[in-house]
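A.B. asks: With chain Z fixed as given, assemble chain V onto it according to the hints.
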Amino acid sequence: MSLEAAFVLEREGFRLDAELREAEPGVIGLFGPSGCGKTTLLRCLAGLERARGYCRVQDRVWQDSRQEVFLPPHRRGIGMVFQDPRLFTHMNVNGNLRYAAKRADTLDQLAGVVDLLDLGPLLMRASHTLSGGERQRVALGRALLSRPDLLLLDEPLAALDAERKREILPYLERVQRSLEIPLVYVSHSLEEVARLADRLVLMESGRTIAAGPAADLLADMALPLAQRDDAGALLIGRVEADDPLYHLISVRVGRDRLRVPRHDVALGDSVKLRIPARDVSLTLEAPQRTSILNVLPATVVAVGPAMEGQSIVRLQLAGGEALLARISMLSARELALEPGKAVFAQIKSVALV
Amino acid sequence: MALSPADIDALWVTLRLAALTTLILLLIGTPLAWWLAQTRFRGKALVEAIVALPLVLPPTVLGFYLLIALGARGPLGELLTALGLRPLAFTFAGLVVGSVLYSLPFVVQPLQNAFVAVGRAPLEAAAMLRAGPWDRFFTVVVPLARRGFVTATALGFAHTVGEFGVVLMIGGNIPGETRVLSIAIYDHVEALDYAHAHTLAAGLLVLSFVMLWLVYRSNRHAASVMP
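These protein sequences, in sequence, are chains Z and V.
Just so you know, we're using the numbering used here here: the first sequence kicks off at 83 and counts up by one.
Just so you know, we're using the numbering used here here: the second sequence kicks off at 314 and counts up by one.
Read the hints as simulated data drawn from the structure, not as lab findings.
Note that this is a predicted model, so its numbers are computed, not measured.
Wrong hints could be hidden among the right ones.
[Unchecked claim] Which stretches of chain Z does chain V cover? Using the computed rule of at least three CB atoms under 8 Å from a CB of chain V, they are: (1) 176-186; (2) 308-316.
[Unchecked claim] Each pair of labels, with its calculated beta carbon distance range: (3) V435(Z) to E361(V): 33 to 41 Å; (4) D99(Z) to D448(V): 33 to 41 Å; (5) A241(Z) to G475(V): 44 to 52 Å; (6) L339(V) to S213(Z): 35 to 43 Å; (7) V143(Z) to V374(V): 38 to 46 Å; (8) R157(Z) to V374(V): 47 to 55 Å; (9) A208(Z) to P318(V): 51 to 59 Å; (10) I341(V) to D146(Z): 55 to 63 Å; (11) G475(V) to A240(Z): 46 to 54 Å; (12) S213(Z) to L328(V): 49 to 57 Å.
C-beta: ideal position from N, C-alpha, C; glycine also.
Chain Z extracted, bound-state conformation (with noise of 0.2 Å):
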């Protein structure tokens, strides 16, 4: 897979000058603050806008002003669930998905898709009868019967509330898993993008700023990333052993395990580990009896400012791997803390996201 896109798009106090250059397959997370263009630069990739600029997918171009090649939306290839569902309301749920096979032709795979995301039961119901969770697993359902070869999510959690976006999350999962295209997924929130994305592209008024292996930007001091509340490093590991007495799995990460609360995982999945920055504290000897189940050796690589009065460690542990950790400024100090030094991290709380 191969996805390049570079456009400018200039809009009344807005300007859009954004590129993507992706190579490898998985879920891109399209990430940055409110009204920073991320829904623009995807409504430029669709189409929907017409920007100057390029656009690639696969060896397919879409766009090029500079030829004059500019695709209409409906000849691209597009599978978009946008931030509100946009169901035909003159169809029921079969109706929205068959609307789609019938155009690419994937009608054969409408038992799939409905097989999939568990939509069976809602087939004949109208789609104002939905609930907000229902309507964006049937949008997604319709996008995926279109048979994209770049599929496009608009915040597709963003309407809804925590309890339905728990509800959602495990079959965006599995839609990530059995494709084989590039899949864009906006956020305006870390957890999820840091959930779903492999890579994740950083934006900033209108402008893509960073883009690289999640685990990378999560951890990179320099990106505004470092200086959120929840700013907080992702490791990837392997599930390695289950302890159902405690309620605990160990995880492998590189060269140490960490133990982390159970969670619905088999034995040898590959699973990510999210530690925010705030949980992680530092110590130079390693702590004794202490209630913290995770305490690992680490190398302090650089230290930087972070909110008033705090700072920002950046730690590398025995496999390679990067760790934040967010201090007080006067810690830092008071530890002498400078890049080589050797410390422990004592990791609060895990997440498995």
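C.D. replies: Just chain V now, with coordinates in the frame of chain Z:
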């Protein structure tokens, strides 16, 4: 009391005129309304004002200018004569032209409002599902705007049935050709034949009422299925 053959002729002319006019109006009014609903063209207000003119003009004004334009010595009349055709004044075809202009806003405005109400969102969704422009129009816009189409059809038809001034100016009163119901009623009243006038007037009243009632009822019904 039974209708006289002349009255039946008048009824027949009226229904033919209204049906043909409505059909033509839907064919030209739909693209016009769609264009007005979509365009960001600066001259849009000008076009809207022209479309709305028949709402405020006395029908006799419209009829007067049409008579001049379509008559044997009018610009259009001369063109038609030059092409070997009859001028349109005092013909059924002339009535159709007049009625189309006269009832234009009654078809265009409900359609335009319905198209605006559909909005861009469902169209963009359909485009993302590989539906081209025509496909989107017929499978998304038309069903979502169907209340607008019902209203436009009923108003266009009913308004043409109720036409008087324009017909009087350009159609004259030729039985079986341009003599419509409203003119027939006028003639009966002139001749103090109130009984015939009553039959036709009451018939027209009931017809118009039933049509409007059906429209409003179907709209209410539609509203309950499509919030």
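A.B. asks: Holds or violated: 35 to 43 Å for the Cβ distance of L339(V) and S213(Z)?
C.D. replies: Distance hint for L339(V), S213(Z) holds at roughly 39 Å.
A.B. asks: Given the range 55 to 63 Å, decide if the beta-carbon distance of I341(V) to D146(Z) lies inside it.
C.D. replies: Since I341(V) and D146(Z) have Cβ atoms about 38 Å apart, the given range 55 to 63 Å is violated.
A.B. asks: Given the range 33 to 41 Å, decide if the beta-carbon distance of D99(Z) to D448(V) lies inside it.
C.D. replies: Holds, at about 34 Å.
A.B. asks: Taking 51 to 59 Å as the hint, is the beta-carbon distance of A208(Z) and P318(V) inside that range?
C.D. replies: Taking Cβ atoms as reference, A208(Z) and P318(V) lie about 53 Å apart, which means the hint holds.
A.B. asks: Honestly, do A241(Z) and G475(V) meet the 44 to 52 Å range at C-beta?
C.D. replies: Check passed, 48 Å falls within 44 to 52 Å.
A.B. asks: Verify the coverage statement for the segment 308-316 of chain Z against chain V, using a C-beta to C-beta distance below 8 Å and requiring 3 or more qualifying residues.
C.D. replies: Three-residue rule not met by the segment 308-316 of chain Z, so violated; n is 0.
A.B. asks: Do the beta carbons of V435(Z) and E361(V) sit within 33 to 41 Å of each other?
C.D. replies: Since the Cβ atoms of V435(Z) and E361(V) sit about 55 Å apart, the hinted range of 33 to 41 Å is violated.
A.B. asks: Please count how many residues of the segment 176-186 of chain Z have a CB within 8 Å of a CB from chain V and say whether that reaches 3.
C.D. replies: holds (count 4)
A.B. asks: The hint says 47 to 55 Å between R157(Z) and V374(V); measuring C-beta to C-beta, is that right?
C.D. replies: 49 Å Cβ-Cβ, so the 47 to 55 Å window holds.
A.B. asks: Regarding V143(Z) and V374(V), is the given constraint of 38 to 46 Å on their beta-carbon distance met?
C.D. replies: Given about 57 Å between the Cβ atoms, the range is violated.
A.B. asks: Taking 49 to 57 Å as the stated bounds, is the beta-carbon spacing between S213(Z) and L328(V) within them?
C.D. replies: holds (50 Å)
A.B. asks: Do the Cβ positions of G475(V) and A240(Z) conform to the proposed distance bound of 46 to 54 Å?
C.D. replies: holds (52 Å)
In terms of the numbered hints stated before, the structure departs from hints 2, 3, 7, 10, listed from lowest to highest.
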